[in-house]
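**Student:** The numbering used here numbers the first residue of the sequence shown as 1 and each following residue consecutively.
Treat the hints with caution; some may be incorrect.
Claimed, not checked - When the alpha-carbon atoms are kept at most 30 Å apart in a straight line, the in silico DSS-like pairs for lysine-lysine are as follows:
| id | residue 1 | residue 2 |
| --- | --- | --- |
| 1 | 26 | 215 |
| 2 | 98 | 26 |
| 3 | 349 | 126 |
| 4 | 36 | 6 |
| 5 | 36 | 98 |
| 6 | 6 | 98 |
| 7 | 36 | 26 |
| 8 | 26 | 126 |
By construction, these hints were calculated from the structure, which means they are not laboratory data.
The structure displayed is predicted, hence computed values, not measured ones.
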Amino acid sequence: IHAPGKAHLTGFALEAGAYFLRWLAKYYDIPYPGDKMDFIAIPDFAFGAMENVGAVTYRENAVLVDPHVARQVELERVSSVVAHELAHMWFGNLVTMKWWNGIWLNEAFATFMEMMASDAFRPEWKTWLEFAPSRGYALDTDALASTRPVEFDVDAPDEADQMFDSLTYSKGSALLRMLQQFLGEETFRQGVGDYLRAHAYGNTETHDLWSALEKASGRPVGAMMNSWIFQGGFPEVEISHSPEGDGLLIEQRRFGYLPSVGGGEWHVPIVVRLSDGQTEEISTAIVGVTPEEVRASGPIEWAVANAGGNGFYRVRYTPELMDRLVDSLGRLDPLERYALLDDTWAHVKAGRVDSGTYLDLSSRFQGETEAAVWGLLGGSLSRLHRIVQPDSRPAFEAWVRRLIEPAAERLGWEPAEGEDDLTRKLRGILLRTLGTTGSQGNTRDQARRMVDQLLENPEAVDPDVAVAAVYVTAAAGTEADYHRFFERYRNAADPQEEGRFLYALPEFPDPDLAEETFKMTLDGRIRISNGPM
């Protein structure tokens, strides 16, 4: 159900929705608890979506999309929102938390299941790798002194409102993913199905799910997970050689961005991958307040202390182990490489690693091929670019160009025949970083030409290149460009085009234009529902 004239934007969500209903019923081993399912696209809707049984309501940009002009990330957003709402048909509707203190599990589980379902729907999108930035944002939020427990007592409506944030959605789902990977996927699925069948059409508390997973796994799930949800923050896991030299010593302490942030202890499910340079082995441990040793069957050449990259904690290695790990980057999985880079960047922000060391590590990623890892690199380099001293900025921009140009030149500006979605996404990330943080003149000139083509015909430019061109042009844009972008936002052909021009407005460097953008968020020219989600 949609506004007149938008029927051509509904096909992708209907395809995804039909797939997800069938996939979720099979995963839970429980039929869909309804007799029909309508999607309702609302032009001005305060939330992203709402999981009413049989009639899910959506903000337009969360369900309407034209696959011919949309980027992979825009299709991914529609896919994930649809999967999230349909996951609630079982976890949230068939079984409902008893009170608002349990809303975290309701939303976290739907977020976790949206990624499970999306990964099955489009495995080439590498959903869990693409989730890494959300996990990183939750870690950043949770490292603040102002963080909160995931679950807390709720006595008033405004206290319930506080739960609808990254700690509920992203941290909560990351904790569930960590638990699933530690217990095993099939064991986890069996426990969840048992929980839903036991409590169908009833109300539950968090411990009811832990009990079902304990029964399925034989592990102390409740004791382990309660240490994560009833206290704010998370640990930093420090890795060193054990005194005997034939293993690793693992210790935990709370990670925070301020020295005053301390205290707390967790039952940390650690999965370690050890290598003697030729063969590899996996070890697991639950690390508490007492340091834990992980023994190896032979000498340790290198080790990954967050094997698979799914743990909700930071890792810090001794300099020797870090050097060996960096020398073995090619042996790491993409999510492990992302976690290594993200942890190091977090240590820079915490003042424990200098930015020169981080740039040194970044230079080792010049041959990286994953869009998510390059996205992290691009974002961190942009942050450094904002604070580097003006007289050092040209040298920094030249360094960024040397890092990125080989990869950007390899991909060029035009997609190749049969190219996959993530390669297209990577091209957009590289070109955007090169033209903004790298201030490369040729990229800025080409971006401006691309924007002119885009304004004439949205289908003339690849969607990921189009977004890069819009942001690069905005970063060096004039007042005339600003007004062109605003008019295109007001008269966009679809929600995705509306978003790319709207969210580029704050990128214009003129302070007066920034002030104008701010005013428009208050006077109604920019709808409140178009705020970031």
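**Student:** State for each hint whether it applies.
**Tutor:** So, going through the hints one by one against the coordinates:
1. A hinted pair counts as satisfied when its Cα atoms are at most 30 Å apart, and residue 26 with residue 215 qualifies at roughly 21 Å.
2. Taking the CA atoms of residue 98 and residue 26, the gap is about 26 Å. The hint holds against a cut of 30 Å.
3. Of the pairs offered as hints, the one joining residue 349 and residue 126 holds, with about 28 Å between alpha carbons and a cut-off of 30 Å not exceeded.
4. The hinted pair formed by residue 36 and residue 6 meets the criterion: a straight-line CA distance of about 22 Å does not exceed 30 Å.
5. A distance of roughly 26 Å separates the Cα atoms of residue 36 and residue 98; the hinted pair therefore holds under the 30 Å criterion.
6. Our distance criterion of 30 Å between C-alpha atoms is broken by residue 6 and residue 98, whose separation comes to about 39 Å.
7. Taking the CA atoms of residue 36 and residue 26, the gap is about 17 Å. The hint holds against a cut of 30 Å.
8. For a cut-off of 30 Å, the pair hint linking residue 26 to residue 126 stands: about 21 Å separates their Cα positions.
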